[in-house]
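*Asks:* For chain P, the structure is supplied; the task is to place chain C on it using the hints.
There are 2 protein chains.
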Amino acid sequence: MSVKINRLSNGMRIVTENMPGMKSASIGVWVNVGGRHELESQNGIAHFLEHMAFKGTKRRSALQIAEAIEDVGGYINAYTSREMTAYYARVLENDVELALDVIGDIILNPIFDPNEIEVERGVILQEIGQSLDTPDDIVFDWLQEVSYPDQPLGRTILGPADKVSKFSRDDLSGFVKENYTPDQMVLSAAGSVDHNAIVAQAEVLFGDRKPGNRPAFVPGTFSNGERLENKDLEQAHFTLAFEGPNYKSPDIYTAQIFSTAFGGGMSSRLFQEVREKRGLCYTIFSSAGAYSDTGTLTLYAGTSGDQVAGLAEITMDELKRAADDMSDEEVARARAQMKAGLLMGLESPASRAERLARMVAIWDRVPDLDEVIARVDDVSTAMVRDFAGGLVQSQAMAMAVYGPLGSSLSVGDLQARLAA
Amino acid sequence: MSVKINRLSNGMRIVTENMPGMKSASIGVWVNVGGRHELESQNGIAHFLEHMAFKGTKRRSALQIAEAIEDVGGYINAYTSREMTAYYARVLENDVELALDVIGDIILNPIFDPNEIEVERGVILQEIGQSLDTPDDIVFDWLQEVSYPDQPLGRTILGPADKVSKFSRDDLSGFVKENYTPDQMVLSAAGSVDHNAIVAQAEVLFGDRKPGNRPAFVPGTFSNGERLENKDLEQAHFTLAFEGPNYKSPDIYTAQIFSTAFGGGMSSRLFQEVREKRGLCYTIFSSAGAYSDTGTLTLYAGTSGDQVAGLAEITMDELKRAADDMSDEEVARARAQMKAGLLMGLESPASRAERLARMVAIWDRVPDLDEVIARVDDVSTAMVRDFAGGLVQSQAMAMAVYGPLGSSLSVGDLQARLAA
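As they're listed, the protein sequences go chains P and C.
All letters in the first sequence, in the order written, are residues 721 to 1140 by the working numbering.
All letters in the second sequence, in the order written, are residues 721 to 1140 by the working numbering.
Honestly, I wouldn't trust all of these hints.
The list makes no distinction among identical chains, and a pair is therefore deemed to hold if it is satisfied within one copy or across any two copies.
As the list claims (entries may be wrong) - No farther apart than 35 Å at their CA atoms in a straight line, the calculated lysine-lysine pairs in the DSBU-like style are these:
hint, residue 1, residue 2
1, K883, K997
2, K743, K724
3, K1059, K951
4, K883, K951
5, K743, K1059
6, K724, K778
7, K997, K778
8, K897, K883
9, K897, K968
10, K778, K1040
11, K883, K930
12, K1059, K724
13, K951, K886
14, K1059, K778
15, K897, K997
16, K724, K930
17, K997, K886
18, K897, K930
Please keep in mind that the hints were generated in silico from the structure rather than gathered at the bench.
Note that this is a predicted model, so its numbers are computed, not measured.
Just chain P, with the same shape it has in the complex (with noise of 0.2 Å):
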């Protein structure tokens, strides 16, 4: 394994992996704070934060951020999700250096100047309407409100319109002060990059900063609920959450093992009895989501408002079946899949940057390929098979749906059935 990491006396962590035959490299900083940071009166800021990155610093105005990047033709980009802010660029190999400064600068040195803030509030208003009118989208958020009522890690990402339309130049700073310091974020690189330049120019970039002390985030705590909104759609937008383990739990891999095998690809049962055998819907996937002190199995299938319910049924009967039976070549599919989507992932610069950043962001450290492979393959039938069972036996579950519901569609009817 080619992969080094060193860390800065200020604790900012650097992950490099080095691809060869590769000319283009991925580049990037993952700052540990995201929606779960904030108040309840910030819902928002973080996201609004990472906007602002783009508009402007001491050493350079929003055009020539952009364009720093862009002469060279590469492409700089960036998220937010509930615990981490990613700003991440990708560049041909002789640009990473340039990259990299603009990377650090965007991060360290906005300079929220207050026109800009208007502008962008603007922006991030039109972002909120853009998801609002994509059902499938806004449909999750509601999904991870009411599997986490009231706390943090239920709030959306982008925010209320109404917090958004608030935020003030000192809220954005005082945001920044708090939670950017260099002991939360991790560098990582990957493709054609020289490791030791990158810890020089990182040194030189973040080296002065100082640690910071940001107290810890609310838990998150998994609550049944649901919300169902009538809508003249043409679909009804159905989505369900069980809880499952964080991402440092021993049951992460047994958990997205059974995810693939109930409805990760196109020979799980799900796709195979919803959308293969019934017809009723043209999307269907389980996922498993993990956050570092919980995390979530969903689905989401689109159907017509009069299959809705009849669809639901059907995936607290296929849950129930899989705890019985779940096969030995379905789990042993299900193991393939994740072990080549995790080497196909490796020949990408940008997917195998973000993996080192996550890796390095939890575990201090990257385990190599034989490492997760053995542990995917110690998941065996039975541990999928009592995963399921955990899942019915405890009946715990939220859910939300989008457009028109044709007959009564409850969480206490879907545990009705499990129980039945």
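*Replies:* What follows is chain C alone, placed relative to chain P:
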């Protein structure tokens, strides 16, 4: 270059490129058939066929198709466009032979079981519903419709629900017989692949098929037109199309460079004027799409109903300004973006296989990188200004808008603004 091309005696072309260091491959068959090869009564059948390919063959049930690929951790998918239907898989290197066997099977041997046709009809009707629930998806269908009215090229890929509800087994078989002939197919593979082995296997799978004799499709004729649908959404989803070059035109690189500089990235004029300076939208972009006989330069922006007419006017003003003063720096930056994008794309087996297939389908050969870069470098600032000037002068444009419409907006108004 390690690109290798063969042609079977029945006209099927095979193109592969081995990528040293890769442990996986992407392989697929690109068939020269799509929405524009349909009669009006057949609208949606090319896409219906793509779905039926996965629903059982002489050798495999639908479940066995999915299991064959997913047992080895691979991934199989397909898409239908206006001119092309592609079936492709991503697998680890030892499973390339298996993947080609499955792809050949689903393309050549679908059985069109009547029960499966009925089930899949339901799936496709759900897919149509999903598209209708996605405003920034459906508005592009409308834009295509008003750009090429009453022509095969203007119709949707999915087809209207009433036609999809009626296709019969004979309709499907007839369409296959006419269009799925080996002279219309390109087999393409990239990654860890062995050209000779793939050619030998293709000969066995496809070698006994006879070439076809399909009539030429109806040429596309771009037309001014508009479709505005008032709807209570958060955003007005605004799209515009100008006529552009076809993909064999000498102007194609000029159109792409213009599109990149005009609305292709963060430093582009539209992004800067509309989003960065005025905060009117979150998403705005232009892109240059091309067919074999025509092309379109399209714009998209999502904004508020009361801002959409103003936003449309700004795009007209920016187009005029681009014709006057697009700078050497902007054109150089767009060239750099295109070249770097090309280089980075080549690092992924999937995008490389796609490019190989398209190049062979269009040119019967794969231009090497230096040749493409030379053509990009040949595009001068004067050529880009002239291209923009041609759009201003012709005033030919089509528009589709979906959402709240605050004030009056018409192609006529925009043409008048261009002429002013």
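*Asks:* Name the hints, by number, that the structure is in violation of.
*Replies:* 3
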